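Each chain, written out:
Protein chains: 2
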Amino acid sequence: MKIIRLAIIEDEVLIQESLKIFFDSVPHMVCVKASISVEDFLNELPALEILPDVLLLDINLVGMTGIEGIPLLLNEIPDLDIIMLTTFEDNDSIFKALCAGACSYLSKKTSLKKIQEAVEVVQDGGSYMSPSIARKIVNHYAPKATKKSTLSPRETDVVNGIVAGKSYQQIADDLFVSLNTVRTHIKHIYKELGINNKAALIKKSYDGEL
Amino acid sequence: MKIIRLAIIEDEVLIQESLKIFFDSVPHMVCVKASISVEDFLNELPALEILPDVLLLDINLVGMTGIEGIPLLLNEIPDLDIIMLTTFEDNDSIFKALCAGACSYLSKKTSLKKIQEAVEVVQDGGSYMSPSIARKIVNHYAPKATKKSTLSPRETDVVNGIVAGKSYQQIADDLFVSLNTVRTHIKHIYKELGINNKAALIKKSYDGEL
DNA sequence: CGCCAATTCACATCTTTGTGTGATATTAAG
DNA sequence: CTTAATATCACACAAAGATGTGAATTGGCG
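As you go down the protein sequences, you meet chains A and B in turn. Heads up, the first sequence is in our numbering, so the first residue is 563 and it goes up one at a time. Heads up, the second sequence is in our numbering, so the first residue is 563 and it goes up one at a time.
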């Protein structure tokens, strides 16, 4: 397994030290940097020969807040996965943090073992999210439930296949109809939507214009 | 504690029954309806004197899929909290479901106790979300800042053209190169990204995986 | 009942894309 | 200077998609 390189920005020294000691004890993890503020971290960054993969970032810091620091940090280390650490479960802050480019949130009450899991999940391309913040985000995505599809149910099936990256033949097989039928649906869909190629269809789908 | 009223739409009778029996045995929960399809559920809905608060909804159903049913279900019961149940962890489906108005996702492999927890979390205004889908959503919020391109500048130009819905010929004209050159770039891009069609490329682009 | 929308299928034709195998020139890096 | 990455172009064949025309079936609605 690849060694995961961690950095920590945390102004409570006790917590910072605990984290550092713990992660250095994990076989495939190493803490390459621990700072007490975003400013300090950025200043000392050029001296680092090894950039971190994952950053544990406190929100309530002296000077710049963790959230304010996110864009600056990502600017320096574009591939950095940022996990927010907060003492208080301030959902609005967490929400802002995730929007700013953090990819996960953890309470400081979380056990070290769980934090380790979170690091691994994040490094694996996933994200931890608390129920309350998850709900806030979901609500952001599905507020306008009034958009009624101009397409028929079957046409919608076909569109879903297209958007999923399937070929017409695959879609035909999935829907238990012939290739020609799928083609006919496509023709109707294109006429209805005023487009004439797959790309535009996928675009509309992703833009929620169906 | 308020009694939570559940409904279940699940075509595998065994699972449906198990869920119903379990939740009826939970003191503060009751299953007011269990159907095998969205169509059935909607048909029998007028006969219900008590509307459910939370719905456990399978994605792979006969007839209408769970995802297709979400808008219809929410139209009938606007305050309904929908928890998706899926056999396979198909992130794209989950994402669509959440965007359509579902507020949580669970694998069918999840223990009954965990499902109960999810119901409570959801009823409490929260949401469960898998790490991978959470990451996709986060990426939607902060796409520009975290994007590291493995593609060359010219390849990026071509991708932009594709995503914009242009044909290879149009892209060639726009970039003042030949059609064959555009094709060569496409070949390199596909190889690099491990895909082999436009749809997948557009998909990756919209999912912030470039 | 007749109308209409939705769904199904066929055939033909043309365009667009995907893939393989080359080639040449420039530039940045080692 | 050699090498790798980038960018450019050509040719050919196969696969997929777009378009047009036509038609049978079904179920709901007035």
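Quick caveat, the hints were computed from the structure, so don't treat them as lab data. Treat the hints with care, since some could be wrong.
Treat identical chains as interchangeable: a pair holds within one or across any two.
[Said to hold, decoys possible] Derived lysine to aspartate or glutamate pairs resembling EDC-like cross-links, with alpha carbons at most 20 Å apart:
hint	residue 1	residue 2
1	Lys658	Asp586
2	Lys749	Glu638
3	Lys564	Asp686
4	Lys698	Asp769
5	Lys766	Asp735
Computed from a predicted structure; not experimentally measured.
Against the structure, the hints:
1. For a Cα distance limit of 20 Å, the shortest separation of Lys658 from Asp586 qualifies neither inside one copy, at 30 Å, nor across copies, at 40 Å.
2. In the homo-oligomer, the alpha carbons of Lys749 and Glu638 never lie at most 20 Å apart, since the shortest distance is 48 Å inside one protomer and 32 Å across protomers.
3. For the homomeric pair Lys564 and Asp686, the shortest alpha-carbon distance inside one copy (11 Å) is at most 20 Å, but the shortest distance between copies (39 Å) is not.
4. Proximity of Lys698 to Asp769 under the C-alpha cut-off of 20 Å is found in both arrangements, the shortest distances being 7 Å within a copy and 15 Å between copies.
5. Taking the shortest alpha-carbon separations for Lys766 and Asp735, neither the intra-copy value of 24 Å nor the inter-copy value of 24 Å comes in at or below 20 Å.
When held up to the earlier numbered hints, the structure conflicts with 1, 2 and 5 and fits the remainder.
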